[in-house]
Structure formats: C-alpha cells, structure tokens
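*Asks:* If you want the building blocks of each chain, they are given just below.
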Amino acid sequence: MDLFEYQGKQYFARFDIPVSKGDVALTVDDAVKAADAAGYPVVVKAQVQVGGRGKAGGIKLANNADEVRTHAGNILGMDIKGHVVKRVWVENASDIAEEYYASFTLDRGAKKHLLMLSKEGGVEIEEVAATNPSAILMLHIDPVDGLSAAGALKAAVDAKIPEKAQQGVADILVKLYRCFTEGDCDLAEINPLILKPTGEVHALDAKVSLDANADFRHPEWEEFKATEELDAREKLAREKGLQYIGLDGTVGIIANGAGLAMSTLDVVNQVGGTAANFLDIGGGANADLMAGALEVINSDQNVKSIFINIFGGITRGEEVAKGIVEALGRVDLRAPIVIRLDGTNAEEGRSILANAGIPESKLTSKPTMLEAARAAVALAK
Amino acid sequence: MAIFVNQDTKVIVQGLTGGQGKYHGLRNKAYGTQVVAGVTPGKGGTDVEGIPVYNSVAEAVAATGATASFVTVPPKAASAAILEAAAAGISFIVCITEGIPAQDEARTYNTLVRDFPNVRLLGPNCPGIISPGKCNIGITAGEIAELPSAGGPNVGIVSRSGTLTYQALYELKQRGIGVSTCVGIGGDPVPGTSFIDCLREFQNDPETHAIIMIGEIGGSAEEEAAEFIKANVTKPMSAYIAGVTAPAGKKMGHAGAIVSGGKGTAQGKMDALRDAGVKVGQNPTEAGELMAEIVAGLR
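So the protein lines, in turn, are chains A and B. Quick note: our numbering has the first sequence finishing at residue 429, numbered continuously throughout. Quick note: our numbering has the second sequence finishing at residue 411, numbered continuously throughout.
Hints listed in this document are in silico derivations from the structure and should not be mistaken for laboratory results. Be careful, since some hints might not be right.
In silico lysine-lysine, DSS-like type, Cα no more than 27 Å apart, as pairs [unchecked claim]: (1) K159/A to K255/A; (2) K362/B to K273/A; (3) K155/B to K283/A; (4) K255/A to K122/B; (5) K283/A to K285/B; (6) K283/A to K134/A; (7) K255/A to K347/B.
Let the sequences and hints guide you as you build the complete structure.
*Replies:* Structure, rendered in structure tokens:
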C-alpha cells in the first residue's frame with residue numbers, strides 16, 4: 049500500500065522523524081486554515097502518488113492567505129498524469145541549505161536490508177544512479193543486527209555527508225530504520241532530506257510503501273486504507289477477499305494461484321486476446337469465493353467472455369464447480385464462461401458441471417489451457 | 113535418488129490439528145510419506161487419525177526421530193514455528209504459509225543462516241516438495257506427479273509459483289516423462305531456498321537428467337539462476353516465465369511478483385535464460401513440449 053506524502057509524514061512523525069509543521073486539506077478554506085496554523089510562508093503541495101508534480105505546477109509557495117487561496121484553488125482538482133488532486137498538504141516553508149537522499153528497502157537478491165544514502169538529494173535517485181553512481185552509498189544491513197547509532201554515523205561519513213550534518217543525518221537514519229522495520233514498510237524514503245541554514249536535518253518529503261501482509265499488527269493503518277485509490281471493481285474484489293487487478297481487455301480471467309493467473313493472461317494474449325483483469329481466487333477457494341469472483345467480473349462492462357482456469361492443489365475441483373453452479377443461480381452473467389479444470393478432484397468437478405443442466409451457450413469446458421484460451425478469445429470477438 | 117527428501121524422511125506437521133494441516137498432512141501420509149507426528153501447543157497427547165500430536169517440536173523429535181517439518185500455521189505464528197523447528201534439530205523445513213510480513217521473513221531467514229546454517233527452509237508461501245513415489249510434503253496432489261523411471265531419463269522441476277508447479281508436473285505426466293523431484297520455492301520476497309540451491313542439487317543428482325524451471329516477474333532470482341546455469345549446469349533445461357503481459361508497478365498476487373523501475377520483466381528473464389542455453393517456452397505447455405524433445409534426445 050503506497051501512502052500519500054502527508055500520510056508518510058504523519059507516519060514518520062510516529063517515529064520522531066522531524067517533518068515540517070502542516071496539515072492536509074480537501075478544500076481551499078481548509079488550506080487557508082492549515083496555512084494560518086503552520087505559519088507563513090507555506091508550501092501548498094498536491095497529494096498524488098505520481099512523480100513530477102512540481103513540474104506540473106502542483107507545488108507552490110504562498111506568502112499569505114490570499115496566495116494560499118489562489119494556489120490551493122488551482123491545485124485542487126488539477127490532473128497530474130491522470131491523477132486528479134483531491135487533497136493538498138500545506139506546510140511551513142523551510143529554508144534549505146543542502147539536499148540529501150536516504151532510503152531503506154529490502155534487497156531481495158542479498159536477502160538483507162539496503163540503505164541508500166547520498167549527498168545528492170532533491171532529484172530522482174535513479175538519475176543520480178545513472179549519471180553519478182559513486183555518489184550513492186549502498187549499505188547492506190543484516191536484519192538480525194539492525195542499524196546501530198554508530199553504524200548510522202559511519203554511513204553518513206562514508207556517504208561524504210558534510211561534517212556539520214553528519215550527526216543529524218545519522219539520528220534520522222536510526223529513526224527511519226525503525227520506521228522501516230517496526231513500521232513494516234516495503235520502502236521508506238526521504239528525498240530531499242534537508243539541512244537547514246540553522247543546522248537542523250529534516251525530512252522535506254516522504255515516500256512510504258507499506259507491506260500489506262503486516263496489516264494484522266497495525267490497526268493504525270485503517271485511516272490509510274480509507275484513502276486508497278482503487279477502482280470500483282478493485283474495491284468490490286477486496287471486500288470479497290480476492291486478489292484483483294483491473295486491466296482494460298475483454299476476457300475476464302479467474303485463476304487459482306498468482307502464477308497461473310499471470311500465465312493465463314499471457315496465454316490469452318498469445319492467442320490474440322486481451323485480459324480484462326488479473327484475478328487470483330487463491331488456495332482453498334470455495335463456492336462463496338468463486339461466486340464472488342464471478343460477481344466482480346460481471347460488474348466489468350468490457351467483459352465479453354470469462355475464462356476460468358483452475359488447477360487444483362489446495363483448491364478442490366468440486367468446490368470450484370459448486371461455486372460456478374451457485375453463482376449462475378445468483379448472478380445473471382452477461383458473458384459466457386469457458387472453463388479448464390484440472391488437478392485435485394477435477395473429475396468430480398467436471399461431472400458436477402456436466403450434470404447441472406447449464407446450457408452450452410453459458411458454459412463450455414475445455415481440456416487444456418491453450419484450447420480454453422482460444423475458445424474464450426473467440427467468444428470475446 | 114531425489115533431492116532434499118526421500119522415502120526414509122520422517123516428517124512432522126506443525127499445525128496438524130488445523131483444517132489445512134489436517135487435510136494436507138493426511139493426504140501426504142496417504143501418499144506414503146512418513147508423517148510421524150503433529151505439533152500443536154496445548155494439544156499434546158491427542159492424535160489426528162492415529163498420528164500422535166505433541167506440544168512442542170522438541171518432544172515430537174525426541175519421540176519420533178523426525179528430520180523434516182511441514183509448517184502450516186497462520187502468518188503471525190509462522191516465523192516462531194520455523195525457528196522452533198530449527199532449534200529442535202529439524203534440518204528440512206517446508207513452510208506453506210502465505211501472507212508472512214516481509215520483515216519477519218527477512219529476520220527469520222537471516223537467523224537461520226547465522227544460528228542454524230545446516231537447516232534448509234523451503235518457502236514460505238510455497239506448495240512444497242514431492243519426490244514421486246517416495247515423499248510428498250506440502251499441498252501438491254500426488255497423483256499428478258509421474259513416477260521416475262528406473263533407467264531415466266527423469267526430470268527435476270523447480271518453480272516459484274504454486275499452481276504453475278502443478279501445471280509443469282501435469283505437462284510431464286501427460287507425456288509420460290518421469291519426475292525425480294519437484295520443488296516449489298514460493299513467490300515471496302525472501303524465499304529460504306533459491307533456484308540456485310535446487311539447480312545445484314539437481315546437477316549433482318544422478319537420477320535427474322534434465323531440469324524444468326518455472327519463474328515469474330519481479331526480483332532478479334531468474335537472472336541469477338541464469339548466471340549459475342551458464343557456469344555450473346550441464347544438464348539440458350527448459351523454462352517458462354509467467355507475467356509477459358503484467359503491467360509495471362502492479363503486484364501480481366505474489367508479494368514478490370512486481371515489475372518496478374523497468375526491472376524484473378519477463379522478457380529480461382527469458383533473454384538471460386536463453387543466453388545460458390536454456391530452451392524457453394512461451395507458455396507452460398510449450399515448456400513441456402520443449403522438455404519432451406530434450407527427453408526424446410536423451411532416450
């Protein structure tokens with residue numbers, strides 16, 4: 049789950065990482081209130097989960113309430129690369145002496161945590177990596193050891209952070225690492241991490257991505273979920289406990305297992321079709337889940353045919369078949385189903401489907417993935 | 113021969129008294145696996161259809177001499193269960209649990225590396241391992257795995273995806289090609305066992321004559337495997353990578369399956385494997401066909 053900047057800053061604040069005084073606003077009036085409380089001058093920042101908002105005019109400096117009114121009015125509702133701005137973050141403007149970069153992620157290859165630290169902040173880190181890779185310190189951290197205060201200070205020195213800022217950067221690194229680990233982040237990034245003329249080090253931006261698997265131990269994430277930007281189909285799918293990603297093709301896909309679902313998309317594409325979605329009903333899929341999956345697919349107006357691709361492991365064939373029969377009774381499906389069913393109890397499943405009295409115009413069964421894909425794509429044309 | 117497990121492997125099931133643990137533990141036993149005990153704290157002294165249940169792994173190991181564990185407990189409890197097994201002397205741990213936080217996985221993996229270097233963890237979030245006719249630990253339906261033939265050629269399977277593992281088994285079964293061992297390493301960000309670990313074992317296993325590898329988008333495990341293959345694997349291979357059509361920036365179900373910053377694409381992985389001499393199919397069936405050609409050449 050990716051957080052907006054303001055949520056990232058609120059999350060940082062929980063771990064005592066210094067951020068600017070400010071507030072989030074959904075209206076121009078609230079933006080002015082936030083500015084009055086933060087103290088002028090302020091920066092009005094569009095809250096969108098896409099880069100390049102500064103260039104698009106989504107970040108403006110305001111010296112008084114009138115300017116806040118003008119800028120917030122322009123920015124709210126603005127379209128930045130297809131993302132409509134619904135909120136602005138208004139914060140006290142900071143004087144900047146220098147800009148650095150710091151982030152923690154998991155390096156999957158090394159199976160360790162990775163600190164990236166650079167004295168070249170304020171620009172895309174990918175750009176620094178491409179033009180001046182030696183300006184980025186990459187330090188692996190054993191998750192069992194963690195990052196000590198001494199280790200953080202050494203990193204700041206090794207990254208050639210100027211001496212006057214080293215201790216301040218090291219303090220923030222320790223806090224950011226705690227945020228990353230205890231806060232269950234996939235990514236915790238500060239860019240820019242600034243040095244003020246007065247000597248303090250401070251997070252001027254926040255990019256945080258949370259690990260959804262850790263949801264169970266973070267009740268405080270509820271408020272973040274409320275603002276997550278999902279399309280209607282994705283929302284419905286989540287309510288039903290399904291892994292769903294909306295795409296824009298015409299063949300609705302239901303498969304069990306992420307790998308098989310991805311593979312199903314690929315095969316549909318190879319035989320000349322386009323997938324309307326990725327949908328993994330997961331292991332242990334039962335009649336309820338299958339019925340729910342069909343409802344979600346049915347809510348997508350672009351879907352012209354539905355390809356159900358099941359290979360039973362945990363998922364049992366007869367459960368899948370019962371789910372389809374039940375769903376056909378519950379939902380008036382607009383599109384015909386092509387099913388390929390194999391694996392655990394597939395025979396039983398196929399016989400349930402064959403004996404349910406479903407007309408062939410609504411459901412056909414194919415023995416292989418490729419044949420089923422061809423049939424589904426033909427029906428979608 | 114088989115890799116990691118064989119007909120003598122004694123297995124305990126951590127979580128045997130739960131719904132999934134019972135279903136799959138009993139299925140593994142029915143397949144012929146030596147499932148000797150279950151472990152559920154607080155349920156010691158009971159049994160599940162004749163399989164004795166103990167309160168701790170240590171008690172189960174002391175009573176049965178088990179060396180392998182099948183961990184099927186909820187995400188919250190999985191890391192502790194894995195470390196308990198390692199501390200009790202289990203040397204091969206299969207964890208099928210889906211949804212373990214990445215931070216827990218990273219800590220658990222590195223704790224095993226440091227404190228229990230001789231313990232192998234398979235998974236988490238994996239379908240398990242099957243050596244047809246000998247041992248099945250996990251959730252694979254045993255009947256879809258073709259038995260190895262005495263003289264060979266037999267194929268080893270290693271896969272990052274659960275259902276595509278079954279698909280690969282099925283492709284070989286339909287063609288009557290024997291399987292030495294099939295290993296599902298799982299699709300999480302920090303798998304305990306890597307492609308390379310399995311490829312090394314298959315290369316050294318005299319009863320494995322060819323290898324199928326099933327990968328997916330995200331990370332760089334397939335590219336690293338390709339490097340290893342180039343330098344170390346002389347047995348013929350076919351492969352398939354899922355997710356050619358996956359959009360960038362979207363997690364395709366598995367926590368590990370995401371194309372980000374232009375890295376981890378299916379195309380890049382297929383190119384790396386081709387460059388290492390692996391025959392790469394466009395779909396699982398094609399990977400099966402390519403393997404059938406390889407096997408025909410070996411016969």
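*Asks:* Each hint needs a verdict: does it hold in this structure or not?
*Replies:* Structure-based check of all given hints:
1. K159/A to K255/A: holds, 22 Å
2. K362/B to K273/A: holds, 17 Å
3. K155/B to K283/A: violated, 40 Å
4. K255/A to K122/B: violated, 48 Å
5. K283/A to K285/B: Violated: K283/A and K285/B sit about 40 Å apart, past 27 Å.
6. K283/A to K134/A: OK: K283/A and K134/A at ~19 Å, within 27 Å.
7. K255/A to K347/B: Cα-Cα ~46 Å, so violated.
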